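S.K.: Using the hints, position chain B with the ligand against chain A.
In order, the protein sequences belong to chains A and B. Residue numbers for the first sequence follow the working numbering, so the first one is 1 and each next one is one higher. Residue numbers for the second sequence follow the working numbering, so the first one is 1 and each next one is one higher.
Keep in mind the hints are simulated off the structure, nothing from the lab. The structure presented is a predicted model; accordingly, all values stated were derived computationally and were not measured. Fair warning: there could be bad hints in the mix.
Unchecked claim - Mimicking DSSO-like on lysine-lysine, the simulated pairs with C-alpha atoms at most 30 Å apart in a straight line are:
id: 1; chain 1: A; residue 1: K129; chain 2: A; residue 2: K172
id: 2; chain 1: A; residue 1: K172; chain 2: A; residue 2: K145
id: 3; chain 1: B; residue 1: K144; chain 2: A; residue 2: K129
id: 4; chain 1: A; residue 1: K133; chain 2: B; residue 2: K144
id: 5; chain 1: A; residue 1: K172; chain 2: B; residue 2: K144
id: 6; chain 1: A; residue 1: K65; chain 2: A; residue 2: K145
id: 7; chain 1: A; residue 1: K51; chain 2: A; residue 2: K65
id: 8; chain 1: A; residue 1: K145; chain 2: A; residue 2: K133
id: 9; chain 1: A; residue 1: K65; chain 2: A; residue 2: K129
Here is what each chain is made of, one letter per residue.
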Amino acid sequence: MSSPAPAVASPVPPKSAAPLLETEIPLVNGPAVPYVEIETLRAREFIPQAKEALSSLLREQMEGKLLRPVFNWAGRNSLFPLHWGLACCAIEFAAAFGARWDAERFGVVPRSSPRQCDLLIVNGTVTWKVAHKLITLYEQMPEPKWVIAMGNCATGGGPFRTAYSVVPGVDKLVPVDIYIAGCPPRPEALLDGILQLEELIRRRGE
Amino acid sequence: MATDDLATQLAPRAGANILAVEPFQGLTARVRFRPEGALDVFRAVHDDLGYDHLSMVGAIDWVDHREVFYIVWSDVTKQYLGLSADLTGDAPHIESATPVWPSANWHEREAWELVGVAFDHHPDMRHLLMPDDYAFHPLLRSFKLHEPEELEVKSRSV
Ligand code: SF4
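So here's chain A without its partners, still in its complex pose (with noise of 0.2 Å):
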């Protein structure tokens, strides 16, 4: 009766004492760690990715196909533009709230703080001396925000294009949405303008 073979060391090299990595699946040949370990990292690491593509796609689906719309139709039949007027055109702009043209009966409600603001119609002449008080007004507004550039000046300098103190054209400074020609756009034109605006604002996110 022979004696039975002295153990062998197991050809497993010691376990690490460092822990493992999420991102480390053990290879066939790597350290020895138990199925279920290995499961349960897989689970950690697939669970937020899971969670954030269910929601990220339920959340598109949402806004795009549900709440999108709603959102598009309560934010253009209420555009609330800065009351800031520049220069000529700020008339024409005023008139527009007037008895005559009635803006408001399309929810266009001027408001004397870009804070409560959705719309700026640049309506006038822009210097460079005004530029940078034009752009913190546009920053302070609220997203979602709209610009309509009302008049020559506003879109391209207009008569003082040349001037040595005028920018010439606003889309310089902000992004623009429509533009309105005319010196001065009589009312009719802005509404126009604020209506094509709804028009743009319809079909966001399409």
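M.R.: Chain B with the ligand alone, transformed into the frame defined by chain A:
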């Protein structure tokens, strides 16, 4: 003659700096003075002649020299008087009128930024109509109209 009276009234305090007192359309007279003695002339006009209000300060670019002019108003005689000085050289400058007429402040800021006439000892010499880093004096005849894009690059301040 009104101009002679003015000349004799100005003589004690600013006689040396007065070049001419001449009739001028729409004004009582125009006093041409040496820019070096500007402050003496201002004080004499204000204290001795009683012109207590400065209506405006302007500057003209005559290509070979620049002219600064002042229009002052007397509340006693209800009359306007013109003062003017010719400035020569590449960096024309004149003493500020603010110690005598504080209302010169903004007028001189405007004259400096548009025509490039420096006003010495001005209390608050900043740009008035132009952005703070505007590098030109745009009403000089040597100022060329820029294409908008070119000017935008040169005068960008935002
Ligand atoms: S476009 Fe014409 S009316 Fe409007 S601000 Fe300019 S100059 Fe005035």
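S.K.: Does each hint hold? Answer for all of them.
M.R.: Against the structure, the hints:
A distance of roughly 14 Å separates the Cα atoms of K129/A and K172/A; the hinted pair therefore holds under the 30 Å criterion. Between K172/A and K145/A, the direct Cα distance comes to roughly 17 Å. Compliance with the 30 Å bound is thereby established for this hinted pair. With a CA separation close to 20 Å, the supplied pair K144/B and K129/A stays within the 30 Å bound. For the proposed pair K133/A and K144/B, the alpha carbon gap of about 27 Å is at most 30 Å, so the pair holds.
Distance check on the hinted pair: K172/A and K144/B sit about 22 Å apart at the alpha-carbon level, within 30 Å; holds. Among the hinted pairs, K65/A with K145/A is consistent with the structure: their alpha-carbon atoms are about 21 Å apart, no more than 30 Å. Straight-line distance between C-alpha atoms of K51/A and K65/A comes to about 20 Å, which keeps the hinted pair within the 30 Å bound. Proximity of K145/A to K133/A is assessed by CA-CA distance (about 17 Å); at most 30 Å being required, the pair is judged to hold.
A threshold of 30 Å between alpha carbons decides the hint, and for K65/A with K129/A the separation of about 44 Å lies outside it, so the pair is violated.
Comparing the model with each earlier hint shows a violation of hint 9 alone; every other hint is respected.
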